[in-house]
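Model the placement of chain B on the given structure of chain A, informed by the hints.
Residue numbers (the working numbering), protein chains in the order written: chain A, 3 to 247; chain B, 18 to 454.
Bear in mind the hints are in silico, worked out from the structure with no lab data behind them.
There may be inaccurate statements among the hints.
Where chain B lies over chain A, by a calculated footprint (3+ residues, C-beta under 8 Å) [unchecked claim]: (1) 39–48; (2) 188–196.
The calculated lysine-lysine pairs, modelled on BS3-like cross-linking and capped at a C-alpha distance of 30 Å, are [claimed, not checked]: (3) B/Lys21 <-> A/Lys205; (4) B/Lys21 <-> B/Lys263; (5) B/Lys309 <-> B/Lys198; (6) B/Lys21 <-> B/Lys309; (7) A/Lys216 <-> B/Lys309; (8) B/Lys263 <-> A/Lys212; (9) B/Lys21 <-> B/Lys319; (10) B/Lys263 <-> B/Lys309; (11) B/Lys298 <-> B/Lys309; (12) B/Lys319 <-> A/Lys205; (13) B/Lys191 <-> B/Lys309; (14) A/Lys212 <-> B/Lys298; (15) B/Lys263 <-> A/Lys216; (16) A/Lys216 <-> A/Lys205; (17) B/Lys263 <-> A/Lys205; (18) B/Lys309 <-> A/Lys205; (19) B/Lys319 <-> B/Lys309; (20) B/Lys198 <-> B/Lys298; (21) A/Lys246 <-> B/Lys21; (22) B/Lys298 <-> A/Lys205; (23) B/Lys263 <-> B/Lys298; (24) A/Lys205 <-> A/Lys246; (25) B/Lys309 <-> A/Lys212; (26) B/Lys298 <-> B/Lys191; (27) B/Lys263 <-> B/Lys319.
Here a beta-carbon is modelled for each residue, glycine too, at the ideal position from N, C-alpha and C.
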Amino acid sequence: MNRTWIVLGATSAMARAFARQVATEGAALLLAGRDSDDLAALAADCTLRGARLAEAVPFDARDPSGFAAIVERALAEEGEINAAVFVGSMPAQAEIDADPSLIDGTVTDSFTGPARFLQMLASVIEERGQGTVVGVGSVAGDRGRLGNYVYGAAKAGFHTYLSGLRNRLTRAGGHVVTVKPGFVDTAMTWGLPGMFLVAAPEKVAADILKAVRKRRNVIYTPVFWALIMLIIRHIPEPIFKKMKI
Amino acid sequence: MLWKTADFAGWGRALTARCDVARPERRRALEAILADGLVPAMGMRRSYGDAALNSGGRAIEMTRLDRLIGFDPVTGELEAEAGVQIGHLAAIFAPRGWLPPVMPGTGFATIGGCIAQDVHGKNHHHAGSFCQHVTSIRLRTAAGEVEVTPEGTPELFRATAGGLGQTGVILSAKLRLMPAKGDVMIVTERRIEGWDEHVAMLDASQASYTVGWIDATATGSALGRGILEEGETGSGLVPGRAKFRKVPFDAPRFALSAPVVRAFNQLYWRRVPENGRTVVKPIGDFFFPLDKIHDWNRLYGKGGFHQFQCVVPLAAVGELRGMLEAIAGSGLASPLAVLKRMGQGRAGHLSFPMEGYTLAVDFANREEARALVARLIGRTKDAGGRVYFAKDSLARAEDIAEMYPELNDWRAAAAEADPQGALVTDIVRRLNLRGAA
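If we strip away everything but chain A, and leave its shape as in the complex, we get (with noise of 0.2 Å):
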């Protein structure tokens, strides 16, 4: 089958390992973001490794005037058009707690950018009857924590976002994958204190890809994720208001 996919924020190291994927499943691979060097670069190396096309395309996702140029380029493709979002950006709290501003462009970048691409593919998705989007979420969009409360809630956003847009792709043969990944392996966690059962970005991607191919809703990678936040969620407020973690 013809499967394209648009991989937004391709440059993150969970991208990377979900392009080389899908790369050697035969799909063409629009990698979009705002690297243009390092997308060239993961372009050959998706084409060497069994990508029947892959192109770099400029996306930023706090620019939506160059988001129709890469529906249209996908519309030149035939069969299934996918999405799969992994932008976003975590500046540190205090950062943010010192200068306000920086709250609009982390809800821009994690979510209100993304979801205005995403509100031009969904009618593609619908004419042509199938495609699946994948959007990466975070298990910090479950609770708003000390450490990272306004990435937390761009996530949160970006979550129930996700879930209106199964609602709405479902009734037209669609499909919304929300992944919530706990620590993962990247530049944004290395070396950072406190870090634990860390997964690979390759197990991430082969996570995703497996939600995808059972059309899962929700999921969590590593899967144990599922029953930390299953715990987390389920605290009193009026304890976990005075906790720290």
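Same frame as chain A, but now just chain B:
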């Protein structure tokens, strides 16, 4: 965070070092780090000793710079970033009829690491060493980025091949892949009863890939007994590799005690029928048998282990037999022991191979074992042989000059590429490889 401060170890886990390690995911991030001066690069840390350690200093882990750059399906020339793992290359290209021309015993080794150690494989007697198939290296030296080729910059090439990363940070390389019939191996295994037969069979073997597993606990008339494995690539269908297993914790000391190892080796040897057998295996099972068990180095317990690997000239085969006698008599050896005949192929000043026989044996890290290995290193030197920097953790500076006669040529080239000595690592300090300066 850019720098992660932690204790790192070589694969043998006997030597460790606290260092600050960065792991850039993009070329731009790497360039930003190197803008302040050269930093030693490391890959998957599969060298057993201290080749990938820099105590109290910095290092760059190259494993995330692992993209394929280009491939020419006519010539088989592949260009890839330094962090690509050999096992991944084999998995991607074998179904298309190509294999890395030389593969070390673990598929986790990176291209950068294979160049820096000029590794060899089970086909060394035909194919030579890894760097003999490298046509170009992009190297970041103190003077900037340069292309290093065997013809264009022969001196820098010979210093970089097997050069322990001392001439610069290896960014990417071009490698000529080798045609393969498919992605399975046809392997013939034969029981070998003793030393003389083992050597004679290795000498006579015509196969593309040949290696001898040796029972380093057998003594007397059984000394040198083992299993000769000969392999050819082929096409066909075999079940996929078995699921990976992981050693979840450090094993207790008795796990590899002498009686356990003797019993294991006995069973392992008898597993092959008296008249031998031919089996078909997935490529990875033949080339990287131990990769199936992740973190197998933990089987040696918390203290880690040492691997002794030497090569001696053909004429010194009798001396090698004497060394094996000393090993077998000590009762200290582990099940992992390998005997192989090597050809002449080597590409660098510090490349390990020489025409002769190579013996590799693992020892749990104990006082008696360290003393035995020290004696074996001395006997290797006296026999005109050398030890392998990818494995060594116990040699001393005074052992090296005699083993590596081109050391001074290498020193000069390394000093020119890295005048500040910014790339010096623990193994270089321990063996005083860069010289007294």
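Problem - Unmet hints by their number, sorted upward, for this structure - result: none
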